[in-house]
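Going line by line, the protein sequences match chains A, B, C and D.
Per my numbering, the first sequence starts with residue 40, numbered consecutively.
Per my numbering, the second sequence starts with residue 40, numbered consecutively.
Per my numbering, the third sequence starts with residue 40, numbered consecutively.
Per my numbering, the fourth sequence starts with residue 40, numbered consecutively.
Don't read these hints as lab results, they were simulated from the structure.
It cannot be assumed that every hint is accurate.
All copies of an identical chain are treated as equivalent in the list; a pair is satisfied when it fits inside any one copy or across any two copies.
[Claimed, not checked] Straight-line alpha carbon distances no greater than 25 Å define the calculated DMTMM-like cross-link-like pairs of lysine to aspartate or glutamate that follow:
hint, residue 1, residue 2
1, K350, E305
2, K236, E221
3, K307, E355
4, K353, E305
Number of protein chains: 4
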Amino acid sequence: MSSSYGHDFRMTIFGQSHSPAVGVTIEGIPAGSVIDFEALQHFLNRRAPGQNEFSTGRKEADMPEFLSGLKGNITCGTPLTAIIRNRDTRSQDYMNLANLPRPGHADYTAQVKYAGMQDAAGGGHFSGRLTAPLCIAGGICLQLLQQEGIEIISRIAAVGGIEDEGELLASTAEKTFPTVSEERGNLMQNKIAAAKKEGDSVGGIVECRIMGLPVGLGDPMFDGMENRIAAAVFGIPAVKAIEFGAGFSVSAMRGSQSNDMFCISEGKIQTETNHCGGILGGITNGMPLTFKAAFKPTPSIASSQRSVNLKTMKQETLQVRGRHDPCVVPRAVPCVEAAAAAAIYDALLSRRKETR
Amino acid sequence: MSSSYGHDFRMTIFGQSHSPAVGVTIEGIPAGSVIDFEALQHFLNRRAPGQNEFSTGRKEADMPEFLSGLKGNITCGTPLTAIIRNRDTRSQDYMNLANLPRPGHADYTAQVKYAGMQDAAGGGHFSGRLTAPLCIAGGICLQLLQQEGIEIISRIAAVGGIEDEGELLASTAEKTFPTVSEERGNLMQNKIAAAKKEGDSVGGIVECRIMGLPVGLGDPMFDGMENRIAAAVFGIPAVKAIEFGAGFSVSAMRGSQSNDMFCISEGKIQTETNHCGGILGGITNGMPLTFKAAFKPTPSIASSQRSVNLKTMKQETLQVRGRHDPCVVPRAVPCVEAAAAAAIYDALLSRRKETR
Amino acid sequence: MSSSYGHDFRMTIFGQSHSPAVGVTIEGIPAGSVIDFEALQHFLNRRAPGQNEFSTGRKEADMPEFLSGLKGNITCGTPLTAIIRNRDTRSQDYMNLANLPRPGHADYTAQVKYAGMQDAAGGGHFSGRLTAPLCIAGGICLQLLQQEGIEIISRIAAVGGIEDEGELLASTAEKTFPTVSEERGNLMQNKIAAAKKEGDSVGGIVECRIMGLPVGLGDPMFDGMENRIAAAVFGIPAVKAIEFGAGFSVSAMRGSQSNDMFCISEGKIQTETNHCGGILGGITNGMPLTFKAAFKPTPSIASSQRSVNLKTMKQETLQVRGRHDPCVVPRAVPCVEAAAAAAIYDALLSRRKETR
Amino acid sequence: MSSSYGHDFRMTIFGQSHSPAVGVTIEGIPAGSVIDFEALQHFLNRRAPGQNEFSTGRKEADMPEFLSGLKGNITCGTPLTAIIRNRDTRSQDYMNLANLPRPGHADYTAQVKYAGMQDAAGGGHFSGRLTAPLCIAGGICLQLLQQEGIEIISRIAAVGGIEDEGELLASTAEKTFPTVSEERGNLMQNKIAAAKKEGDSVGGIVECRIMGLPVGLGDPMFDGMENRIAAAVFGIPAVKAIEFGAGFSVSAMRGSQSNDMFCISEGKIQTETNHCGGILGGITNGMPLTFKAAFKPTPSIASSQRSVNLKTMKQETLQVRGRHDPCVVPRAVPCVEAAAAAAIYDALLSRRKETR
């Protein structure tokens with residue numbers, strides 16, 4: 040199904056940018072799981088619009104209302120639904136897009152797919168707004184994983200070609216602009232500011248690292264951890280690539296380089312290097328699970344673009360209005376954590392069936 | 040489930056490297072679909088071992104036996120199962136691996152996951168041998184897609200850091216060493232030969248391009264074409280990264296560069312560039328769908344490696360025996376096509392439910 | 040997953056009797072499907088409490104709010120969520136049930152299953168209240184089926200052992216007490232009234248008939264129409280049995296009696312009798328699909344009952360308070376239609392994938 | 040998918056009556072599960088044809104070959120496939136059926152569904168032969184359940200209107216004609232013999248009882264134990280009805296009768312009666328889970344029947360040849376056990392995810 044994810048933990052995300060609400064229906068969380076609403080809100084705020092000068096001017100409280108599945112702040116075992124009302128919508132900004140699809144957006148493909156019946160306002164179901172319910176579901180997973188000693192940390196690894204430097208730290212994600220190197224972060228922010236000034240946008244890369252994983256999560260072939268995480272992360276709009284461990288660079292290595300030799304460290308089996316990103320045969324090996332995801336530049340840019348009028352089938356010039364981030368990467372960081380958390384938590388539940 | 044893929048076209052791959060057979064059970068192919076057995080065998084031969092000097096010495100006919108789902112060469116609408124018998128197995132080569140996991144392999148993770156009950160011989164269910172049934176299923180999909188005007192072509196885009204040159208052609212895949220540039224292909228083969236000589240291996244990149252796709256395949260969020268293809272392609276052993284269209288390089292672009300402007304060409308809506316790889320919002324836009332997958336070097340190398348004895352928990356030196364390709368990339372090319380074909384065909388069936 | 044149904048049409052029902060809302064998230068309805076809100080409300084009113092003297096005194100408007108998936112009254116192709124707020128709840132009625140499970144209810148089994156963390160108030164997720172979102176989803180399916188010429192009609196076939204008489208008519212369902220025979224209906228109502236007076240309750244049977252079905256819906260083995268409908272109908276609380284066509288009585292027949300001979304009638308292939316209930320090999324044969332479902336008496340009765348205190352593990356006498364129907368059958372009629380409609384509509388979508 | 044069953048234990052049944060083989064692919068059995076091949080063969084023999092005078096003359100060894108998923112007789116955690124070769128087929132018996140559908144069979148519905156491309160020989164995928172792989176999968180589940188203290192027993196509850204008498208015993212199923220009362224069994228056998236003599240057939244009822252179940256199996260709404268078992272049992276050809284506990288008769292009861300009062304017995308919570316058949320709110324309550332399934336008479340009868348020629352659309356007289364049981368019920372008993380075992384084992388795996 041289009042907007043569902045997971046086998047044993049299952050989330051179905053619903054809503055359009057300008058529908059009464061966006062939300063998520065979650066199945067599979069065992070009864071008795073405790074949710075820290077304050078921590079969840081703190082996490083959601085990292086994704087919320089209007090947080091800094093580079094994010095869209097649209098202001099939404101992004102406070103979820105829980106409709107079911109809880110008794111107080113404890114899961115009761117049956118489906119959990121949470122919603123966020125859409126309030127600050129300006130559909131008129133999208134009036135001129137009905138027949139003139141924006142380059143880089145789903146306007147044209149949705150128009151064909153849904154035979155013209157799609158909800159185009161604000162990008163409809165394809166809006167970045169839909170990452171809010173993803174972060175509700177993923178934010179809950181993050182808490183449940185933390186209770187089992189699993190931590191997910193992340194950072195902006197690159198923006199507009201400028202790469203961060205230094206080793207990823209747990210504290211990085213909490214920064215307003217989460218890079219390890221302040222200096223590199225400033226260069227990136229300048230890059231974004233320059234693009235914004237010129238009515239343009241820039242892309243970037245998010246890096247994610249998951250620590251404390253038990254050995255044995257993930258399944259062979261199509262349910263390996265790479266498959267599961269990729270299937271979740273490509274659910275975030277604008278992601279065009281993903282790599283695990285050494286990723287693309289592994290293709291230029293020799294086996295004697297890329298193979299992570301086993302060793303005993305801190306009394307347990309580890310590997311000397313981690314080119315495999317903590318995954319062997321689709322299954323976690325107990326080392327940090329690491330991956331990077333590439334985001335394309337925000338496709339909504341102020342400068343005029345060439346498009347085709349779907350009614351007249353003539354080329355026209357398009358001027359995109361509305362409020363858009365010049366770079367989605369800062370707000371994408373918690374989204375990547377949320378997607379990864381959902382994938383890991385789902386694999387964790389699946390793992391329980393195997394152990395007798 | 041571990042080794043199943045697809046929603047509406049569903050394949051479940053079974054078997055171990057040294058079990059009586061490997062095979063695949065397929066559901067969802069409509070009745071009346073014609074299978075060209077000769078063309079299928081031709082396709083399977085591209086993946087089969089013993090084809091060239093760089094592939095494992097193991098010889099298997101790799102001729103599938105169809106047990107069900109057909110009346111002659113026409114699908115009858117109910118589940119199709121095909122198997123390939125395992126004949127030329129040498130389990131003794133793997134005797135010394137029982138407690139000494141090979142770096143880069145699933146030996147250790149499977150040992151923990153299956154509590155020591157895994158079938159370790161020849162890599163068991165994690166063996167590259169399991170790509171044979173993947174190619175049966177995917178090879179059938181390729182034929183069914185061709186009947187709808189959809190072509191999947193591919194090549195070796197890089198080996199050991201040496202990149203191919205030139206535009207991908209339909210005829211490339213049929214070459215014994217499928218690169219566009221003969222010269223580049225020769226350099227790559229030298230690289231492989233050198234690694235082999237030194238008891239080492241090299242990795243590489245496969246590029247795939249799907250042409251003739253209708254607009255509208257794929258679904259928003261977690262069932263977009265990127266999600267679907269990634270979930271299939273990571274099912275091939277040794278894949279560590281995937282990128283669509285401009286992929287990672289899009290992260291260094293500006294929106295005004297990366298956005299593919301719409302135009303009218305050959306009487307229909309196309310885009311001037313194709314940085315998005317033919318996918319917008321997870322949905323095909325009618326342009327070629329393009330992606331690249333990175334393969335790590337064959338982890339089984341002849342030179343000695345460091346490992347840990349799982350019984351004694353002491354570090355030991357490991358010498359891998361057995362027959363292994365110094366580079367899996369040439370044989371991986373049809374596997375990537377097969378995985379892509381399964382993903383596309385599944386999306387094609389899903390699309391039928393939407394059109395009234 | 041617990042509260043999800045369907046392959047291609049998929050509904051996930053959420054909520055507890057006393058949670059902020061109950062609702063349903065629906066995937067798979069093609070874009071462009073028109074929903075008649077007035078007709079839907081009319082259908083929901085047939086199930087709503089407080090409609091007649093035999094239904095619970097609890098009054099709920101039961102007016103759904105649609106949060107997503109629509110543009111006006113037309114589906115836009117992405118997930119549709121509708122909710123009904125819970126307003127008139129009296130949790131204090133259930134205070135004494137925390138440790139004293141009601142016979143015939145899920146109190147005890149939920150207590151064990153959810154390790155004491157279930158939401159017990161009003162029966163929680165096991166309440167008949169959850170049939171409201173089932174009727175939203177099923178009511179939409181009923182409309183979509185009608186647009187394809189498929190009609191679902193039903194009646195009270197029996198209450199407390201008194202059986203209805205006469206052939207089922209389309210108009211029957213619209214009656215306040217939907218029996219064909221007024222006289223039989225009066226006898227049943229007397230039976231209910233008598234039970235109510237004595238603080239007791241009665242069970243009954245609902246009969247359902249689906250007309251206008253094309254030949255070919257349903258799949259062999261585990262996705263036959265019997266399997267699909269049974270899996271949906273047992274989702275309605277209190278259902279303990281289901282039979283298709285001649286049902287249990289077919290077990291006493293000879294093949295020469297039970298076989299429905301083929302004939303040409305009205306220019307098309309029909310059968311002389313319909314003991315198979317319109318299903319052969321799990322697949323519709325074009326004749327009316329008929330089935331009956333048995334409902335147990337409302338387990339919540341006023342008279343005192345024996346139970347066991349889960350804390351003290353001592354037997355105690357239980358007095359159930361709260362507002363309960365003395366017979367759920369009248370309100371169950373639209374629920375059965377809704378469940379059947381969901382099953383049929385799902386099969387109808389699945390069928391589309393087969394036709395090339 | 041058509042011929043797949045289960046969420047966490049998943050079996051996909053493939054094959055046609057006259058294809059090279061029938062078989063089953065199973066996913067989800069944890070590694071390290073021990074299979075007793077001899078006991079499995081003993082179980083399969085109970086279903087195999089040619090066992091007594093009332094079963095078809097077709098002789099098949101029905102000995103499964105295991106192709107994957109095992110190391111010796113222990114599951115290795117990856118998909119298990121087992122097949123049975125079809126040898127003694129006489130397709131010519133079915134030549135005259137190509138255009139003349141047999142009443143009570145899937146011939147006509149399959150013809151329409153698969154647009155004439157179905158494999159009609161021997162009933163194809165709709166043949167009772169497909170219960171052989173069901174019994175392989177279910178027979179394995181039976182063993183795994185026994186290892187957890189869960190026993191499934193069953194009997195012929197009725198044939199041709201003659202009902203068995205006495206309480207169901209564990210030893211009953213092992214009888215050649217599994218009734219509790221010898222006398223009643225003889226009457227039934229006379230009934231079958233008489234029907235056979237007249238070229239006719241009879242139907243019957245199978246009763247099943249599952250003991251030793253933990254409290255808490257099954258999920259609310261659409262994954263309750265009734266839903267799960269019904270979805271499996273209707274997968275057996277000829278089943279037209281199912282009832283749990285008191286079943287249809289509960290519809291004539293009052294709540295004060297049908298409610299099963301809780302009590303303390305043998306130191307644990309039990310119920311005084313078991314009208315609910317061990318299921319409350321879809322969840323097991325620790326009492327025996329009981330159900331009955333009704334089978335229609337074998338539709339293939341020797342006497343001439345009326346059918347319609349699908350080519351000429353004219354009514355014709357049909358004479359069915361081939362070898363057929365005059366009553367499927369004796370051989371259906373192990374099939375019902377197998378279907379129930381699959382449903383229970385699947386629920387058992389699902390339950391593991393809930394307990395933390």
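Status of the hints after comparison with the structure:
When the C-alpha separation of K350 and E305 is checked against a cutoff of 25 Å, the pair qualifies only between copies, where the shortest distance is 17 Å, while the shortest distance within a copy is 66 Å. Taking the shortest Cα distances, K236 and E221 sit within 25 Å of each other inside one copy (22 Å), while across copies they are farther apart (47 Å). In this homomeric assembly, K307 and E355 come within 25 Å of each other (Cα to Cα) only across copies, at 15 Å, whereas the closest approach inside a single copy is 63 Å. Within a single copy, K353 and E305 get their C-alpha atoms only as close as 67 Å, which misses the 25 Å cut-off; across copies the closest is 13 Å, which meets it.
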